[in-house]
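Trainee: Sequence:
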Amino acid sequence: MKYFVYLIISKYKQKCFSYVGYTNNLKKRLNKHNTSRGAKFTRGRKWILVYSAGYNSKSKAMSEEYKLKKNFKLRNKIKSNFYK
Numbered sequence: 005m006k007y008f009v010y011l012i013i014s015k016y017k018q019k020c021f022s023y024v025g026y027t028n029n030l031k032k033r034l035n036k037h038n039t040s041r042g043a044k045f046t047r048g049r050k051w052i053l054v055y056s057a058g059y060n061s062k063s064k065a066m067s068e069e070y071k072l073k074k075n076f077k078l079r080n081k082i083k084s085n086f087y088k
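Quick note, the sequence shown lines up with residues 5 to 88 if you use this note's numbering.
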């Protein structure tokens, strides 16, 4: 089974929020975030997928998700590349 690590962003007023997660069904997960049935932090906002990477094991995906969550420089770089 294939697992994905993803980064979604939402712009609210002048602030840009980001959320990192992992899933085995990217399309379904993004739909859950946008219909307020995903993670509590993502409820009530419109989310756009800006980054995803696929992995062959769940443990590798979880490890990479953790790294991306903690690496704010990389997250900001991905966000800035999207808004150029």
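Keep in mind that a hint or two might mislead.
35 angstroms max Cα-Cα, derived DSBU-like pairs, lysine-lysine [what the hints assert, rightly or not]:
1. K17 with K77
2. K74 with K6
3. K32 with K17
Keep in mind that the hints were calculated from the coordinates and are not lab data.
Trainee: All the hints need checking, so say for each whether the structure fits it.
Mentor: Tested hints:
At roughly 22 angstroms between alpha-carbon atoms, K17 and K77 fall within 35 angstroms of each other, so this suggested pair holds. For a cut-off of 35 angstroms, the pair hint linking K74 to K6 stands: about 23 angstroms separates their Cα positions. About 27 angstroms separates the Cα atoms of K32 and K17, which keeps this hinted pair within 35 angstroms; it holds.
Consistency note: the structure conflicts with none of the earlier hints.
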